[in-house]
Structures are given as C-alpha cells and as structure tokens.
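Respectively, the protein sequence lines represent chains A and B.
Take the first sequence: its letters are residues 1 to 282, numbered as in the working numbering.
Take the second sequence: its letters are residues 1 to 99, numbered as in the working numbering.
Hints in this document: simulated from the structure, not taken from any laboratory.
For every residue, glycine included, the Cβ atom is placed at its ideal position computed from N, Cα and C.
One or more hints might be untrue.
Claimed, not checked - A few chain A residues that face chain B, going by a derived Cβ cut-off under 8 Å, partial list only:
id: 1; residue: A111
id: 2; residue: E131
id: 3; residue: R133
Unchecked claim - Short, incomplete list of chain B residues facing chain A, as computed with Cβ under 7 Å:
id: 4; residue: G44
id: 5; residue: I63
id: 6; residue: A68
Said to hold, decoys possible - Below, in silico cross-link-like pairs of lysine to any residue (SDA-like), each with a Cα-Cα straight-line distance of 20 Å or less:
id: 7; chain 1: A; residue 1: K127; chain 2: B; residue 2: D69
id: 8; chain 1: B; residue 1: K70; chain 2: A; residue 2: S43
id: 9; chain 1: A; residue 1: K127; chain 2: A; residue 2: L110
id: 10; chain 1: A; residue 1: K61; chain 2: A; residue 2: S43
id: 11; chain 1: A; residue 1: K183; chain 2: A; residue 2: N4
id: 12; chain 1: B; residue 1: K84; chain 2: A; residue 2: H138
id: 13; chain 1: A; residue 1: K127; chain 2: B; residue 2: L64
id: 14; chain 1: B; residue 1: K35; chain 2: B; residue 2: K59
id: 15; chain 1: B; residue 1: K59; chain 2: A; residue 2: I265
id: 16; chain 1: B; residue 1: K70; chain 2: A; residue 2: E131
id: 17; chain 1: B; residue 1: K87; chain 2: A; residue 2: P278
id: 18; chain 1: B; residue 1: K70; chain 2: A; residue 2: K183
id: 19; chain 1: B; residue 1: K51; chain 2: B; residue 2: S71
id: 20; chain 1: B; residue 1: K59; chain 2: A; residue 2: S141
id: 21; chain 1: B; residue 1: K59; chain 2: A; residue 2: H138
id: 22; chain 1: B; residue 1: K70; chain 2: A; residue 2: P174
id: 23; chain 1: B; residue 1: K84; chain 2: B; residue 2: S71
id: 24; chain 1: A; residue 1: K61; chain 2: A; residue 2: P278
Chain residues, written in single-letter form:
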Amino acid sequence: MSDNAALVALLTALADDELILGHRHSEWTGHAPHIEEDVAFSSIAQDEIGHAGAYYSLIAKLTDQATDQIALGREPSDYRNAVLCEQPNGNWAFTLARHWLYDHADDIRLAALESSSHEELSAIATKLRREERYHLLHADSWVQRISSGPVEGRARLIDAMTEAFTDAMGLFEPIELEEAAVKEGWLPVPSAEMKARFVERTTTALDDLGLPTEVRAIDDRAAEFVASSSGDLIENAAAGEGPSPLPIAHGLGGRKGRHSPDFEILWTEMTSTYQENPGATW
Amino acid sequence: METYEVFRRSGHKEPFEHAGAVIAPDPDMALMMAKECFVRRREGDHLWVVKRADIHSFKDESILEIAADKSYRFASAYRDVIQKREKALVRAQELEQKT
Numbered sequence: 001m002s003d004n005a006a007l008v009a010l011l012t013a014l015a016d017d018e019l020i021l022g023h024r025h026s027e028w029t030g031h032a033p034h035i036e037e038d039v040a041f042s043s044i045a046q047d048e049i050g051h052a053g054a055y056y057s058l059i060a061k062l063t064d065q066a067t068d069q070i071a072l073g074r075e076p077s078d079y080r081n082a083v084l085c086e087q088p089n090g091n092w093a094f095t096l097a098r099h100w101l102y103d104h105a106d107d108i109r110l111a112a113l114e115s116s117s118h119e120e121l122s123a124i125a126t127k128l129r130r131e132e133r134y135h136l137l138h139a140d141s142w143v144q145r146i147s148s149g150p151v152e153g154r155a156r157l158i159d160a161m162t163e164a165f166t167d168a169m170g171l172f173e174p175i176e177l178e179e180a181a182v183k184e185g186w187l188p189v190p191s192a193e194m195k196a197r198f199v200e201r202t203t204t205a206l207d208d209l210g211l212p213t214e215v216r217a218i219d220d221r222a223a224e225f226v227a228s229s230s231g232d233l234i235e236n237a238a239a240g241e242g243p244s245p246l247p248i249a250h251g252l253g254g255r256k257g258r259h260s261p262d263f264e265i266l267w268t269e270m271t272s273t274y275q276e277n278p279g280a281t282w
Numbered sequence: 001m002e003t004y005e006v007f008r009r010s011g012h013k014e015p016f017e018h019a020g021a022v023i024a025p026d027p028d029m030a031l032m033m034a035k036e037c038f039v040r041r042r043e044g045d046h047l048w049v050v051k052r053a054d055i056h057s058f059k060d061e062s063i064l065e066i067a068a069d070k071s072y073r074f075a076s077a078y079r080d081v082i083q084k085r086e087k088a089l090v091r092a093q094e095l096e097q098k099t
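Bound conformation, chain A alone:
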C-alpha cells in the first residue's frame, strides 16, 4: 500500500461512479423520447465518461498504470461505483430520477472537492463542476416540467424517485480508507456530512416541486434510514451483521466492491472491446 492508497481509493470511487453512470446513460442513444433529447442525453453520457477519464488519468499518474487498464481492465469486484449508477435504465422516469439525484449529489461532492488539499483533484473538481452546471440545468428542467405536467408522467416520476432515492444513499456510503483521506484533507467533507447536505437539498427541492419525499419502504428500516439520516442499522444489515440482511436494492455495498447481478452484464459489455486486445490504443 502506497502513501497514496486513500487518495487512489477516493479517485476510484469518483471515477467509477461517472464511468458506470455514463455507460448506462449511453444506452439511451437512439432510444430517448425524442431526437433532440437523444442528442442531449448522449452528450451528458459522454461528459460523464470524460469526467471519469479525468479522474482515471490522475490515478494512472499516481500508480503508473495505463488509463484504459484502470477503466476497463479490472475485475467487477474492483469497481467502487455506487449501486445506483449500475441499475438498469428501466424507463425514462427512472433514468431521469437517477440523473437528477446523481447530479445533485455530484454537485455537493464537487463543491466539497474544490477545497481538496490535493491541488490536482481540486483543479479537476473546479473544471468538472462547470460542466455539471449544465447537467443540473438539464435534470431540473425535466423534473420541473414532468412534476407539474399530466398525471401519468407525474405518477411515473413519483414511483421512480421513491425507488431511486433509496439507492442514492449508496453514493454517500463511506469510501475505503475514508478516515485517512479526510485526515489528509483530500476529501475535505466526510461522506456522512455530504449525505446530510444531499438529503436536506433534495427533500427541500422535492417539497417545492410538490413531489413526495418518502422513500419506498422495502422494509421498515429503509424508511427509518432516510427519515433519521442514520445509516448505522442499514450499514450493519447490508454487511450481513444485522438480524436480516437487506437486499442490495438499498443501494449499499458498491463502495466495498459488492455489486448487483446487473453490474456483471454491464461490465461484460463495457469491457468486451478492451478485452479483445488489452494493449491497443484507440
């Protein structure tokens, strides 16, 4: 383990979130609700993958590896993205709810990282945040219109939002070696604090939009989890230490390399070209 291990762990989680969500977003290319949105959403997918590239390049520099090797040459259990990012797109409502939740979470995260003690990471955060402003505008514009639009779209969005909101908590599951990363100032705000900011911001926004803020209760503790913002119970249960292990649907485990079966399918497709000839340059 190098001195940089905690920094690499942090960058890996950030990069993997962006790569995997970008990959999911890209699956809409050619299928989005209308042609202009198809182009817009595909651009966002490219942006997210580009952001992953910025983080991977820094990891490559720190660990003396090739960027492609890090992005596409690892085993599924080496990926540290939140489970939310790997969930299949389902319908447009779920895609949109996830996009909205993720980009608000990412904004909170990037705002924190702008004051990272690691200069290169701080510079990346500032750069990416400029582009993420457009993602937020895009997500907010859609959510605002659908939440005040016809009842079918609104009902679908409510369903999707309650489903995605539970999983979004996984974005703030502590990363590996987080204590060290916080101590060094690489991660200036601990995940738990960012989660509190995220819950406050999104529940306020959902209230303003007239959308319900409860989450779909897979069991009672799921509801309690968000209501109290206290992750301990869920944390233990997800680790198999609680009385009844919770399903992965709670969105936790990703930061420890535990993924849903859907991730394996995504990984196989995403890495298939790379695996054909791992050393090739494109």
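Using the hints, position chain B against chain A.
Below, chain B without anything else, positioned relative to chain A:
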C-alpha cells in the same frame, strides 16, 4: 415601438442569417422597414422579423463554454486512425506470408 431582429436568406438553399434590427410599431411595418434597410441591393430572397422580446437566451452564457476535453467530437482527433489502419494491414500481410 418595438425592436425587431431581422433575418435574411440570401438564396433558396441558404440558411436564414441575422442581418440587423429595425424599430417599428408592428410586424408588418417591421418587414417593410427591413426590406428597405437590408434587402435593398438584392441581398436576399426572403425576410423574417422577430420581436426581440420573443428571443430567448441563457442568462449566463458561460454555460456554453466547453469545460472538459471534447477532442473526441472533432475529426482531427482521429487523424492517426488512417496510419494505424495502414500499419495493421502491413502486419496482417506479413502474418499471411509467414503462414
């Protein structure tokens, strides 16, 4: 009086392009003024006038700036693909000769 932005088309297959603006009380008057101001020397075969207040723009134009690397959207980023392909063809031929 209102400000109207004037768009002019220089030919059948050309796009409308912004030519300037006129001040007029209504769209018909704006068209008349625009004809005299902007198509007086056969610069175009079609005119649009749009009330400036009906034009929308980003409040903060910096959102249009490209923040991250977007080289993959430019053909120039793929210039070396041709050389790579030629090299690959040579390699393939060499392999074929060996077998």
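How the hints compare with the structure:
{"no.": "1", "hint": "A111", "result": "violated, 15 Å"}
{"no.": "2", "hint": "E131", "result": "holds, 4 Å"}
{"no.": "3", "hint": "R133", "result": "holds, 6 Å"}
{"no.": "4", "hint": "G44", "result": "violated, 28 Å"}
{"no.": "5", "hint": "I63", "result": "holds, 6 Å"}
{"no.": "6", "hint": "A68", "result": "holds, 5 Å"}
{"no.": "7", "hint": "A:K127 with B:D69", "result": "holds, 10 Å"}
{"no.": "8", "hint": "B:K70 with A:S43", "result": "holds, 10 Å"}
{"no.": "9", "hint": "A:K127 with A:L110", "result": "holds, 10 Å"}
{"no.": "10", "hint": "A:K61 with A:S43", "result": "violated, 27 Å"}
{"no.": "11", "hint": "A:K183 with A:N4", "result": "holds, 13 Å"}
{"no.": "12", "hint": "B:K84 with A:H138", "result": "violated, 38 Å"}
{"no.": "13", "hint": "A:K127 with B:L64", "result": "holds, 14 Å"}
{"no.": "14", "hint": "B:K35 with B:K59", "result": "violated, 31 Å"}
{"no.": "15", "hint": "B:K59 with A:I265", "result": "violated, 43 Å"}
{"no.": "16", "hint": "B:K70 with A:E131", "result": "holds, 12 Å"}
{"no.": "17", "hint": "B:K87 with A:P278", "result": "holds, 18 Å"}
{"no.": "18", "hint": "B:K70 with A:K183", "result": "violated, 35 Å"}
{"no.": "19", "hint": "B:K51 with B:S71", "result": "violated, 38 Å"}
{"no.": "20", "hint": "B:K59 with A:S141", "result": "holds, 15 Å"}
{"no.": "21", "hint": "B:K59 with A:H138", "result": "holds, 15 Å"}
{"no.": "22", "hint": "B:K70 with A:P174", "result": "violated, 32 Å"}
{"no.": "23", "hint": "B:K84 with B:S71", "result": "holds, 18 Å"}
{"no.": "24", "hint": "A:K61 with A:P278", "result": "holds, 19 Å"}
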